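Read off the chains here:
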Amino acid sequence: MAVMQRIKKPTTRKGKKVLLAKAPKPIEGPKQCIFLQGRNPSERTRKLLKDIYDLKKPDAAYLSRKNDFVPFEDATIIEKMCDKKDAALFGVGSHSKKRPHNIILGRTFNYNVLDLIELGAENFKSMSEFQNMKVLAGLKPCLLFNGPAWDLNLDLKRLRSLFIDFFHREKVDTIRLQGLEHALSFTATDDGMIYLRSYRILLKKSGQRTPRIELDEIGPSIDFKLRRTKLAADDLYKEACRVPKESKQGTKKNISRDAFGSKLGRIHIGKQDIGKLQTRKMKGLKKTPEERKQMLLKKKAKAKE
Amino acid sequence: MDIVNEILLNEQKKAEKYKPITVDKHLDLEFDVGTLLAFDSNDVDTKLLKSDKDVYLQSLTRDNTQLLLNKIWELPTERIDEAIVVRLPLPTTVLPRAKPVPKPRPLTKWQEFAKAKGITKKKKDKLQWDEQLQKWVPLYGFRKAAAEKEKNWLIEVPQNMDPMTDMYEKKASEKSEKVAKNELQRLKNIARARKVKIPRVGLPVTSDKASATQLATAATVAKASTASLGKFQDKLPKEKEARGKGVHELIPGKERKRRAPIPTPQAERENNLNLLDTILNKRPKIDMDKAVAKHIHNEQAMRSEEKKNLKPSKGKRKGKGNSTNFSAKKPKAGRGQRNPSKKTPGRKRR
Numbered sequence: 000m001a002v003m004q005r006i007k008k009p010t011t012r013k014g015k016k017v018l019l020a021k022a023p024k025p026i027e028g029p030k031q032c033i034f035l036q037g038r039n040p041s042e043r044t045r046k047l048l049k050d051i052y053d054l055k056k057p058d059a060a061y062l063s064r065k066n067d068f069v070p071f072e073d074a075t076i077i078e079k080m081c082d083k084k085d086a087a088l089f090g091v092g093s094h095s096k097k098r099p100h101n102i103i104l105g106r107t108f109n110y111n112v113l114d115l116i117e118l119g120a121e122n123f124k125s126m127s128e129f130q131n132m133k134v135l136a137g138l139k140p141c142l143l144f145n146g147p148a149w150d151l152n153l154d155l156k157r158l159r160s161l162f163i164d165f166f167h168r169e170k171v172d173t174i175r176l177q178g179l180e181h182a183l184s185f186t187a188t189d190d191g192m193i194y195l196r197s198y199r200i201l202l203k204k205s206g207q208r209t210p211r212i213e214l215d216e217i218g219p220s221i222d223f224k225l226r227r228t229k230l231a232a233d234d235l236y237k238e239a240c241r242v243p244k245e246s247k248q249g250t251k252k253n254i255s256r257d258a259f260g261s262k263l264g265r266i267h268i269g270k271q272d273i274g275k276l277q278t279r280k281m282k283g284l285k286k287t288p289e290e291r292k293q294m295l296l297k298k299k300a301k302a303k304e
Numbered sequence: 000m001d002i003v004n005e006i007l008l009n010e011q012k013k014a015e016k017y018k019p020i021t022v023d024k025h026l027d028l029e030f031d032v033g034t035l036l037a038f039d040s041n042d043v044d045t046k047l048l049k050s051d052k053d054v055y056l057q058s059l060t061r062d063n064t065q066l067l068l069n070k071i072w073e074l075p076t077e078r079i080d081e082a083i084v085v086r087l088p089l090p091t092t093v094l095p096r097a098k099p100v101p102k103p104r105p106l107t108k109w110q111e112f113a114k115a116k117g118i119t120k121k122k123k124d125k126l127q128w129d130e131q132l133q134k135w136v137p138l139y140g141f142r143k144a145a146a147e148k149e150k151n152w153l154i155e156v157p158q159n160m161d162p163m164t165d166m167y168e169k170k171a172s173e174k175s176e177k178v179a180k181n182e183l184q185r186l187k188n189i190a191r192a193r194k195v196k197i198p199r200v201g202l203p204v205t206s207d208k209a210s211a212t213q214l215a216t217a218a219t220v221a222k223a224s225t226a227s228l229g230k231f232q233d234k235l236p237k238e239k240e241a242r243g244k245g246v247h248e249l250i251p252g253k254e255r256k257r258r259a260p261i262p263t264p265q266a267e268r269e270n271n272l273n274l275l276d277t278i279l280n281k282r283p284k285i286d287m288d289k290a291v292a293k294h295i296h297n298e299q300a301m302r303s304e305e306k307k308n309l310k311p312s313k314g315k316r317k318g319k320g321n322s323t324n325f326s327a328k329k330p331k332a333g334r335g336q337r338n339p340s341k342k343t344p345g346r347k348r349r
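Sequence order for the protein chains is A and B.
Residues 0 to 304 (numbering that gives the first Met the number 0) are what the first sequence spells out, left to right.
Residues 0 to 349 (numbering that gives the first Met the number 0) are what the second sequence spells out, left to right.
Extracted from the complex, chain B is given alone in its bound form (with noise of 0.2 angstroms):
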């Protein structure tokens, strides 16, 4: 019984030696350990703060760090590169972001394509072995290039083509097309993200106005979108129809005629007879206006060269060589007196 008694006092003693690590408190302080926070809603004693406020606000402070520390060293410890550490839990403070949450973004067509069909992405390594040259090449990035031109020293040209095509040109505007797709490609899924409406046919409008070429374009498009292809669609007298790349597909009917596969020689003969028939007895054909318009001018012109045989040059006029004396005055459509007696109808053409 004394030695118990004497070890229980042994143990108080040294207990006393050190100050106590406990902390009483009106209430309970609300932790959030994973931030290292704790919030006392215990009323400030503003005597003590006015009569000693540091002293007060290093005890205040010392007793809710205790407290916050008490909590810390009842967490789980591990020991990470010979140092003893504690893993946090989760911070329950809510913080504003800095930035806002990143949408999702819409997958591209050949994302959406893959996912449907199942296709994964394969990794590629970046050397490959090559059995012509019997060696690693790389596949992108350095000395690509040079392994490409050991590999294709001599390309051969094949049979259907002509004998003098440049092989390595052809090679090489094919690589810029296929570039020039992707990158259209790839603006056209940014578009598609973004939800901007892009023609179908021709580049998109880039000023507020659109250009005569554009107009023209939408037109036939439209024209041709209706459910009988256009056919039936009324045409304004002098509208002509978009010409450029990819209209011609949509415009309907308007695949040409291909012409039979060569016929016998004796039909053949009298085609290239009748041909040449055409092509010999034709009459001119007078273009009205034309014809007009050319006798005027020459009339114009004999007309200004009489008067200048009529006037002596006053001496010479020295400088601004380049006078052109144009006589010939543009004919006006609505300006100037309209003259009846003239027999071309509205503005010429030349």
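The shape of chain A in the complex, shown without the other chains (with noise of 0.2 angstroms):
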């Protein structure tokens, strides 16, 4: 343990578990995330990200604290607020003349910057502006990317990444059908625009199981327009994303299902010689001592010629 390799070993119980909780782990939980304020932070900027952080609750911690800094130029100030709040997502909210409405968002890999995107809000209807019910916070959303802009340039590859890695919640192994309530959708067209909208499910009747789906929009919605981008390396990016040998799931070979259901295996036995296999011993097919004389000679003959 990480805790036990440092020389002065932590006094309290509570201190060795905090230590313990910011340790790597090869499984790890669902992804903190910080908000924070940029230089001379717009009123749609700070509503924008407040809006984010209520999806984004309980994982998420809003600062409200003006910071004078450029991302783009100076990261150590996310830096070390990340390595304070032990977070590895976060977002930044500015304004200025040459890019209003300005959010960044992000993440770390290791208290490091891997990837910087700046988005500007062009459009945006908060939460508050659509009058109805909302979800219940904590859910986890349906994520949906149309468009096929998405997996052909590299910048919206690895936003698509990022808005997952932001959205995703964490990694659940059942779901409950009634939870499924949530619907996220981010559209992405040809001129670097990219529109995130937000729905509640509702499940109608349809006759058969599966039940019909309507939608009832509930903010926020945001007209992103892509601006820079501060991608990491392509191997840093590999080596944020390799997954320890624990958490691989073995393939299980040779083993299938037929028709009916049963379970079919494979064994794979190596070459075998015939004529040397160890079978029943049945006496009377025992050779006699004249027969076996007869080999031999035969034998003999043979070699001799």
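To be clear, the hints were calculated from the coordinates, so they are not data collected in a lab.
Quantities reported herein were computed from a predicted structural model and do not represent experimental measurements.
Ideal placement from N, C-alpha and C gives every residue a C-beta, glycine not left out.
There may be inaccurate statements among the hints.
As the list claims (entries may be wrong) - What follows is a set of in silico ranges between Cβ atoms, one per label pair, in the way DEER data are often shown:
| no. | chain 1 | residue 1 | chain 2 | residue 2 | range |
| --- | --- | --- | --- | --- | --- |
| 1 | A | K229 | B | P105 | 47 to 53 angstroms |
| 2 | B | P103 | A | G260 | 29 to 35 angstroms |
| 3 | B | P105 | A | N111 | 41 to 47 angstroms |
| 4 | A | N111 | B | A211 | 39 to 45 angstroms |
| 5 | B | I189 | A | E78 | 46 to 52 angstroms |
| 6 | A | R175 | B | Q11 | 53 to 59 angstroms |
| 7 | A | A232 | B | F112 | 28 to 34 angstroms |
| 8 | A | I76 | B | I189 | 32 to 38 angstroms |
| 9 | A | D150 | B | Q11 | 37 to 43 angstroms |
| 10 | A | A232 | B | A211 | 47 to 53 angstroms |
| 11 | B | L7 | A | P243 | 54 to 60 angstroms |
| 12 | A | K170 | B | Q131 | 53 to 59 angstroms |
| 13 | B | N4 | A | K56 | 55 to 61 angstroms |
Said to hold, decoys possible - Each computed BS3-like pair below joins lysine-lysine, with the alpha-carbon atoms no more than 27 angstroms apart:
| no. | chain 1 | residue 1 | chain 2 | residue 2 |
| --- | --- | --- | --- | --- |
| 14 | A | K13 | B | K143 |
| 15 | A | K16 | B | K121 |
| 16 | A | K156 | B | K116 |
| 17 | B | K177 | B | K196 |
| 18 | B | K174 | B | K148 |
| 19 | B | K237 | A | K13 |
| 20 | A | K15 | B | K52 |
| 21 | A | K56 | A | K96 |
| 22 | A | K156 | B | K187 |
| 23 | B | K24 | A | K244 |
| 24 | A | K79 | B | K102 |
| 25 | B | K24 | A | K204 |
| 26 | A | K13 | B | K98 |
| 27 | B | K108 | B | K49 |
| 28 | A | K139 | B | K24 |
| 29 | B | K52 | A | K139 |
| 30 | A | K7 | B | K208 |
| 31 | A | K237 | B | K98 |
| 32 | A | K203 | B | K24 |
Two independent chains are provided; combine them into the complex using the hints.
Shown next, in the form of structure tokens:
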């Protein structure tokens, strides 16, 4: 354990638990997120970050103090705050004439910035503007990415992975069928616009087992414009995506099921020399001494030739 | 036939009441049911997008959500605590981690030994039955100290020890020694894991420069680290060997000759008389340096006394009570004039 490798051991049990929680684990829990204010944040950016914070509760922290920094040049403030709060995702809001209503979303790896993507919020409708019943906090949402652009552009590929990281909450084994209430859709067009919409799923009767889906927009509704990006190098990204051996599930080979549902297995046997196989001894088939002699003579004759 | 047709018509009417759950798409969507993710690579209709953005997006999302949920409803369901639950497959999208994968730690010295010997950990219960006290005694934690005190209300002093030793103090000091030894071994394990080199004897160097004793220890250990244990290593003229804990064992050939067992009474008498002779007949050894230094000091003290007596003391000097009169100057080694008539070479040592 990393805690035991420290020269100065933690004196309290609580301190030890805190250190263990911060230590790297083979299988990680949900990523924590922090929201900061950058240089001159506007009302829109503040509201936007607050809305995303509401979507991400309780795995998020909203910091309201204004920090005068430019993330693209100097990311040390972000790294420090992430280190303090033990967060891997962050969002920074700022506003200037050149870049109005600027949102920078990003993630860290090992307390160093991995990806930084700058988006401009052109249209924004906050959750409070939609007057209807909202979704419970903490639900795992359905994520939908529309448009072929997500796969064609490298920036958008990373942005897609970043959005999934941001909103997918945590990995679950089972999900309650009634609990599928939230849907987030991200639509990308060729001119660099990304439309984020958030809906509530209503399950209606359809006469069959699978229900008919109706959607009710709950907000927020944001039109993003992709601005600058600062992505991690390929090898660093690969290093970050490395999966530890323990969590990889070994595929079960040579087992199949036939049409009737019975389990079939396949056994591979090495090459066999049929002549030297050990079988049952049948006394009647045993060679008599005369027969053996004759066989020997035959062999000798053959060898001479 | 009519009945059959009637039933079929009824079913059709029923089905028509409900809206369809199937969706037609040019390209099939890519699903990752494990993360509830669907990716639609069909082209986005820009005309509709421009005209009726929100309506178009809602309908598009509705279609895709329908397809995703159809997929989810195909999965096997279970019933856990009055809720119908679906077991999701493993997610296929690879997301970057927050922290790197933890590296496997190297085993400590004890762990390696236990592995080699096949020793496994046996879990001990907190409470242990104590025969002496006839009750359950905790092995650690709350009320362990009280139980220990009860058990050791009296500690006998064994025969071979001084009857005046404080056994409780001895026990406490032994315990503190054990704790210190454990701490040392823990630090050694950490040093081995981090591949930091620690000297065999003495403490490791903390500042960037080693102290004189540390250097002497290092030199002594190095000298004894040859194949013939340092027997043929030359020594500098004034080099002193290091002394201290652990170094003595390393210096080879330093075993003291054990004295022979008590000899016969005549031999013992003779030994003792010889000893007395050597003590009493001893001529005093003259340390030349010390003698000369003392002589000079005496001369200078006398001279300063004379000087004081010559000069009448000009009034009483107030204040500065402790003005010590250092008339004897410290002899200078390199600075100052060299006096060839002086017999002592170099710097005087006191």
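To see whether the hints hold, each was checked on the structure:
no. : hint                                  : verdict
1   : K229(A) / P105(B): 47 to 53 angstroms : violated, 37 angstroms
2   : P103(B) / G260(A): 29 to 35 angstroms : violated, 42 angstroms
3   : P105(B) / N111(A): 41 to 47 angstroms : violated, 26 angstroms
4   : N111(A) / A211(B): 39 to 45 angstroms : holds, 44 angstroms
5   : I189(B) / E78(A): 46 to 52 angstroms  : violated, 27 angstroms
6   : R175(A) / Q11(B): 53 to 59 angstroms  : violated, 33 angstroms
7   : A232(A) / F112(B): 28 to 34 angstroms : violated, 44 angstroms
8   : I76(A) / I189(B): 32 to 38 angstroms  : holds, 33 angstroms
9   : D150(A) / Q11(B): 37 to 43 angstroms  : holds, 41 angstroms
10  : A232(A) / A211(B): 47 to 53 angstroms : holds, 50 angstroms
11  : L7(B) / P243(A): 54 to 60 angstroms   : holds, 57 angstroms
12  : K170(A) / Q131(B): 53 to 59 angstroms : holds, 55 angstroms
13  : N4(B) / K56(A): 55 to 61 angstroms    : holds, 57 angstroms
14  : K13(A) / K143(B)                      : holds, 22 angstroms
15  : K16(A) / K121(B)                      : holds, 25 angstroms
16  : K156(A) / K116(B)                     : violated, 53 angstroms
17  : K177(B) / K196(B)                     : holds, 24 angstroms
18  : K174(B) / K148(B)                     : holds, 15 angstroms
19  : K237(B) / K13(A)                      : violated, 57 angstroms
20  : K15(A) / K52(B)                       : violated, 53 angstroms
21  : K56(A) / K96(A)                       : violated, 32 angstroms
22  : K156(A) / K187(B)                     : violated, 48 angstroms
23  : K24(B) / K244(A)                      : violated, 39 angstroms
24  : K79(A) / K102(B)                      : holds, 24 angstroms
25  : K24(B) / K204(A)                      : holds, 23 angstroms
26  : K13(A) / K98(B)                       : holds, 22 angstroms
27  : K108(B) / K49(B)                      : violated, 71 angstroms
28  : K139(A) / K24(B)                      : holds, 26 angstroms
29  : K52(B) / K139(A)                      : holds, 26 angstroms
30  : K7(A) / K208(B)                       : holds, 24 angstroms
31  : K237(A) / K98(B)                      : holds, 13 angstroms
32  : K203(A) / K24(B)                      : holds, 22 angstroms
Violated hints for the displayed structure, listed by number in ascending order: 1, 2, 3, 5, 6, 7, 16, 19, 20, 21, 22, 23 and 27.
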